[in-house]
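Chemist: Chains as they are written, first to last, in the numbering used here: chain A, 1 to 633; chain B, 1 to 200.
Everything labelled a hint here was simulated from the structure, so no lab data went into it.
Don't take each hint at face value.
To be verified - In silico DSSO-like links for lysine-lysine, alpha-carbon gap of 27 Å or less: (1) 173(B) / 564(A); (2) 85(B) / 327(A); (3) 564(A) / 186(B); (4) 5(A) / 29(B); (5) 85(B) / 365(A); (6) 173(B) / 29(B); (7) 139(B) / 626(A); (8) 11(A) / 173(B); (9) 11(A) / 29(B); (10) 173(B) / 561(A); (11) 244(A) / 355(A); (12) 14(A) / 164(B); (13) 179(B) / 564(A); (14) 165(B) / 90(B).
Unchecked claim - In silico contact screen, one side only, chain A against chain B (beta carbon under 8 Å); selected entries: (15) 17; (16) 183; (17) 366; (18) 375; (19) 378; (20) 380; (21) 410; (22) 417.
What the hints assert, rightly or not - Pairwise CB distance ranges, derived in the manner of DEER restraints: (23) 89(B) / 580(A): 46 to 52 Å; (24) 182(B) / 580(A): 42 to 48 Å; (25) 247(A) / 120(B): 43 to 49 Å; (26) 99(A) / 144(B): 46 to 52 Å; (27) 624(A) / 99(B): 20 to 26 Å; (28) 123(B) / 235(A): 47 to 53 Å; (29) 239(A) / 182(B): 48 to 54 Å; (30) 337(A) / 104(B): 20 to 26 Å.
Keep in mind the model is a prediction, meaning the values are calculated, not measured.
Using N, Cα and C, we set each Cβ at its ideal position, and we do this for glycine too.
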Amino acid sequence: MPDPKTLLENKPGKRALLLGNEAIARGILEAGIGVVTTYPGTPASEIGDAVSAIAREAGVYMEYSVNEIVAVEVAGGAANCGVRALSAMKHVGLNVAADALTTLAYVGVRGGMVVVAADDPECYSSQNEQDSRFYAWFSNIPCLEPSNPQEAKDMVAYAVEISEKLELPVILRTTTRVSHTRAPVVFGKLVKPNLKGEFVRDAKRLVMVPANSRPRHDVLLQKMEKAREMAEASPYNLIARRGKNREYGVISSSSAYNYTMEAIELLGLDADILKLGMTHPLPERMIGQFLREHDKVIVVEELEPYLELHVKAIAKDQAPETEVYGKIGRQYFPRSGELSPRRVLEGLSAITGRKAPVNFENLDKRYAEVVRELPPRPPVLCPGCPHRASFYVIRKVAGEKAVYPTDIGCYALGYAPPLNVGDILICMGSGVGTAQGISKATEAPTIAIIGDSTFFHAGVPRLLNAIYNKHRIVVAVLDNMTTAMTGHQPHPGTGLTGMQTATEPIAIEKVAEGCGVKLVKVVNPFNFKEAENTLKEALDFPETSLIVFRAPCALLLLREKRRKGLEIVPLKVSGKCTNCLACIKLLGCPAITLTENKTVAINENLCLGCGLCAYICPYKAIEPAKQCRGGNA
Amino acid sequence: MKAFNMVLAGVGGQGILLAAEILGTAAIKERLDVRVSEVHGMAQRGGAVVSMVRIGENVLSPLVLDGNADVILGFEPMETLRNAKYASEKTLIIMGDERISPPALTLRGESYPRIDEILEKLKRFSKNVIMVEALRLAKEAGSSLVQNVVLLGALIATGKTPIKKESLVEALKELVPAKYLDINMKAFELGYQYVKNLGS
Numbered sequence: 001m002p003d004p005k006t007l008l009e010n011k012p013g014k015r016a017l018l019l020g021n022e023a024i025a026r027g028i029l030e031a032g033i034g035v036v037t038t039y040p041g042t043p044a045s046e047i048g049d050a051v052s053a054i055a056r057e058a059g060v061y062m063e064y065s066v067n068e069i070v071a072v073e074v075a076g077g078a079a080n081c082g083v084r085a086l087s088a089m090k091h092v093g094l095n096v097a098a099d100a101l102t103t104l105a106y107v108g109v110r111g112g113m114v115v116v117a118a119d120d121p122e123c124y125s126s127q128n129e130q131d132s133r134f135y136a137w138f139s140n141i142p143c144l145e146p147s148n149p150q151e152a153k154d155m156v157a158y159a160v161e162i163s164e165k166l167e168l169p170v171i172l173r174t175t176t177r178v179s180h181t182r183a184p185v186v187f188g189k190l191v192k193p194n195l196k197g198e199f200v201r202d203a204k205r206l207v208m209v210p211a212n213s214r215p216r217h218d219v220l221l222q223k224m225e226k227a228r229e230m231a232e233a234s235p236y237n238l239i240a241r242r243g244k245n246r247e248y249g250v251i252s253s254s255s256a257y258n259y260t261m262e263a264i265e266l267l268g269l270d271a272d273i274l275k276l277g278m279t280h281p282l283p284e285r286m287i288g289q290f291l292r293e294h295d296k297v298i299v300v301e302e303l304e305p306y307l308e309l310h311v312k313a314i315a316k317d318q319a320p321e322t323e324v325y326g327k328i329g330r331q332y333f334p335r336s337g338e339l340s341p342r343r344v345l346e347g348l349s350a351i352t353g354r355k356a357p358v359n360f361e362n363l364d365k366r367y368a369e370v371v372r373e374l375p376p377r378p379p380v381l382c383p384g385c386p387h388r389a390s391f392y393v394i395r396k397v398a399g400e401k402a403v404y405p406t407d408i409g410c411y412a413l414g415y416a417p418p419l420n421v422g423d424i425l426i427c428m429g430s431g432v433g434t435a436q437g438i439s440k441a442t443e444a445p446t447i448a449i450i451g452d453s454t455f456f457h458a459g460v461p462r463l464l465n466a467i468y469n470k471h472r473i474v475v476a477v478l479d480n481m482t483t484a485m486t487g488h489q490p491h492p493g494t495g496l497t498g499m500q501t502a503t504e505p506i507a508i509e510k511v512a513e514g515c516g517v518k519l520v521k522v523v524n525p526f527n528f529k530e531a532e533n534t535l536k537e538a539l540d541f542p543e544t545s546l547i548v549f550r551a552p553c554a555l556l557l558l559r560e561k562r563r564k565g566l567e568i569v570p571l572k573v574s575g576k577c578t579n580c581l582a583c584i585k586l587l588g589c590p591a592i593t594l595t596e597n598k599t600v601a602i603n604e605n606l607c608l609g610c611g612l613c614a615y616i617c618p619y620k621a622i623e624p625a626k627q628c629r630g631g632n633a
Numbered sequence: 001m002k003a004f005n006m007v008l009a010g011v012g013g014q015g016i017l018l019a020a021e022i023l024g025t026a027a028i029k030e031r032l033d034v035r036v037s038e039v040h041g042m043a044q045r046g047g048a049v050v051s052m053v054r055i056g057e058n059v060l061s062p063l064v065l066d067g068n069a070d071v072i073l074g075f076e077p078m079e080t081l082r083n084a085k086y087a088s089e090k091t092l093i094i095m096g097d098e099r100i101s102p103p104a105l106t107l108r109g110e111s112y113p114r115i116d117e118i119l120e121k122l123k124r125f126s127k128n129v130i131m132v133e134a135l136r137l138a139k140e141a142g143s144s145l146v147q148n149v150v151l152l153g154a155l156i157a158t159g160k161t162p163i164k165k166e167s168l169v170e171a172l173k174e175l176v177p178a179k180y181l182d183i184n185m186k187a188f189e190l191g192y193q194y195v196k197n198l199g200s
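Sequences and hints are given; from them, build the entire structure.
Modeler: What follows is the structure, given as structure tokens:
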């Protein structure tokens with residue numbers, strides 16, 4: 001990432017290569033936003049990280065909130081005092097925030113408020129693919145869809161403008177290929193944030209009891225009519241390309257627009273393109289006009305047929321003769337997975353009968369031949385990861401008959417062989433929740449796996465439920481002292497804030513004790529014997545118990561060692577090795593491999609010397625590659 | 001100018017995203033338009049990583065169409081092969097030699113395939129393959145971690161990209177921590193000379 005200070009430069013016209021999320025951070029500074037809240041989640045994480053790095057200098061308040069609903073409430077509170085606010089999250093974070101957001105639409109805002117929802121088509125780092133545009137639709141909240149980093153930046157200020165005119169929060173919906181694309185971004189002027197607001201008492205508007213909510217619902221619907229007029233006039237809803245004879249009309253948005261523009265050139269199609277940047281509410285007159293101008297209209301969009309549903313409804317009223325192609329009925333574009341240049345090209349090719357410039361069939365055949373035997377390479381726990389030690393201990397003590405509900409974070413990777421700890425995973429916190437039902441239904445030993453950041457985010461109410469209802473489960477908090485998966489953001493256990501100032505850390509064990517857990521233990525998973533004995537004790541305990549397996553994330557440890565110039569001593573396999581393969585079969589560490597002669601070897605470039613394989617080796621054939629300082633003999 | 005398409009492929013942790021950002025930064029130093037696609041989060045944890053860099057006047061998509069890569073820059077042999085679908089017979093494939101066994105393979109009790117097998121399969125897509133001893137050269141520069149910059153040196157030395165050496169070096173200076181700049185500069189030169197010497 002470039003020096004975050006780049007984002008602070010008040011140089012309108014400067015061109016910098018920014019990640020979409022960094023561009024949004026710059027947009028925050030150009031929109032005079034004073035309060036930024038987030039809970040990290042791919043593909044949204046770098047928005048908060050970029051703001052956190054510069055917040056103090058920019059005069060912005062930034063926090064990593066404990067979860068997304070709190071993030072939206074903090075931002076919504078500030079925005080109701082007239083301070084501009086932004087809250088950023090991944091798509092599933094919007095589910096967590098939805099309870100607040102849907103009714104915040106009734107309440108409205110006074111200062112502009114933007115909610116960034118970053119969708120993850122293809123589930124690169126998520127438990128589902130969902131299309132956040134439907135939240136905008138059913139919550140009656142305007143939705144903007146940028147197609148590149150420049151638009152992502154510019155749309156922040158635009159969203160604030162709309163938000164203040166309508167007194168409504170606005171959703172800025174990105175996808176992986178917007179948030180995680182790096183492109184040149186031209187800076188605008190910085191706008192000094194205003195952090196001083198005023199709370200004006202106005203119960204009819206702010207207190208959503210039924211008598212007040214009913215009229216506010218009508219107010220909201222009126223606001224949406226006003227918003228629809230804004231969509232008709234929006235500079236982001238435009239004809240992006242004109243063909244000669246208007247043979248085809250194409251409607252597209254977001255990253256799909258990029259693939260569409262290029263595919264049309266490659267296919268040599270004579271097509272007009274209507275590019276939609278404000279997609280809720282939709283500009284119905286503009287779309288109606290576009291439909292009437294074309295006999296055939298193709299809708300190209302990622303994930304759900306959100307635009308297509310609306311375009312078809314508009315066509316029924318305004319252009320019944322026009323044929324609309326997309327993914328409803330005959331499916332020209334996939335509804336699951338990510339779009340790609342190829343998928344768009346093939347869909348357009350199938351609709352128009354134009355031949356693709358690449359012989360995909362031939363390419364696929366040759367490719368299938370070479371990759372048939374290529375083993376997959378899914379993500380794995382890093383070498384030296386403390387979770388591997390925890391999982392080894394858990395599996396060794398509780399074995400096959402125990403059930404292991406797991407949760408969202410790096411440790412979800414423990415489900416895979418050979419660790420095999422992770423039996424059900426739904427959403428943030430669900431491990432502790434589902435564990436209670438499983439334990440009730442089966443009476444099997446049930447160990448709920450949850451990470452430290454996830455514990456604070458969603459674990460606590462589930463834990464209370466377990467204690468109060470006397471569910472006999474073991475909650476295993478795999479505490480690596482950071483929010484690792486998303487890039488090592490702080491959480492309430494770390495003692496650091498989004499403003500990068502120190503604060504009092506909250507200890508998970510104290511929270512558990514305070515909630516009423518009667519057996520609470522903290523162990524280092526690399527103290528193998530102690531960890532095993534502690535887990536045995538917890539499994540014997542007749543009520544809810546909680547063990548914190550605490551050791552720092554291996555990546556953080558590695559970085560710290562490099563920074564301090566400390567030596568990393570990898571392990572090596574000695575002559576005592578009998579090639580029993582226990583280390584490989586039990587641990588699945590990426591640093592342990594087989595040589596061409598099928599003997600065990602340790603990759604010295606990957607091994608951190610955590611010692612787990614040395615501990616489990618039945619022949620004590622794994623030792624440090626060189627004498628440790630202070631070691632004997 | 002027609003878009004110039006590069007696919008960078010390897011394993012999470014090999015510095016692929018940094019290499020892509022260096023290429024993108026060098027491109028905008030030459031006033032070219034550019035799109036770089038990245039992969040973050042879970043996908044990075046030792047998994048297969050692909051980043052694409054597209055340079056040109058009218059680039060919009062950050063992703064490369066199958067069969068349309070001008071360059072595949074492979075950081076790891078198996079991952080280079082996994083991305084062969086982006087190659088045509090005109091594609092230049094530059095590949096580093098650090099072999100990282102996928103745990104799935106080791107668990108099956110198998111060792112890493114022979115490098116000549118991988119090369120043979122790659123050549124079914126393009127004969128234009130350059131193997132770079134990236135691991136050895138990186139260690140010579142001072143750290144196995146700078147294989148990414150060795151490979152950038154090799155790439156620029158081919159003269160096939162629209163990026164000049166000076167722009168790349170400038171981008172490198174901007175993006176690499178000052179403390180490690182010497183090692184990186186050395187790595188770049190070693191990769192550069194490696195390919196220059198192949199030509200002679």
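Chemist: Work down the list of hints and note, for each, if the structure agrees.
Modeler: Quick rundown of the hints versus the structure:
no. : hint                        : result
1   : 173(B) / 564(A)             : holds (22 Å)
2   : 85(B) / 327(A)              : holds (26 Å)
3   : 564(A) / 186(B)             : holds (22 Å)
4   : 5(A) / 29(B)                : holds (19 Å)
5   : 85(B) / 365(A)              : holds (10 Å)
6   : 173(B) / 29(B)              : holds (13 Å)
7   : 139(B) / 626(A)             : holds (19 Å)
8   : 11(A) / 173(B)              : holds (22 Å)
9   : 11(A) / 29(B)               : holds (17 Å)
10  : 173(B) / 561(A)             : holds (24 Å)
11  : 244(A) / 355(A)             : holds (20 Å)
12  : 14(A) / 164(B)              : holds (22 Å)
13  : 179(B) / 564(A)             : holds (12 Å)
14  : 165(B) / 90(B)              : holds (23 Å)
15  : 17                          : holds (5 Å)
16  : 183                         : holds (5 Å)
17  : 366                         : holds (6 Å)
18  : 375                         : holds (4 Å)
19  : 378                         : holds (5 Å)
20  : 380                         : holds (4 Å)
21  : 410                         : holds (6 Å)
22  : 417                         : holds (6 Å)
23  : 89(B) / 580(A): 46 to 52 Å  : holds (47 Å)
24  : 182(B) / 580(A): 42 to 48 Å : holds (45 Å)
25  : 247(A) / 120(B): 43 to 49 Å : holds (46 Å)
26  : 99(A) / 144(B): 46 to 52 Å  : holds (49 Å)
27  : 624(A) / 99(B): 20 to 26 Å  : holds (24 Å)
28  : 123(B) / 235(A): 47 to 53 Å : holds (50 Å)
29  : 239(A) / 182(B): 48 to 54 Å : holds (53 Å)
30  : 337(A) / 104(B): 20 to 26 Å : holds (22 Å)
When the structure is compared with the earlier hints, no violation turns up for any of them.
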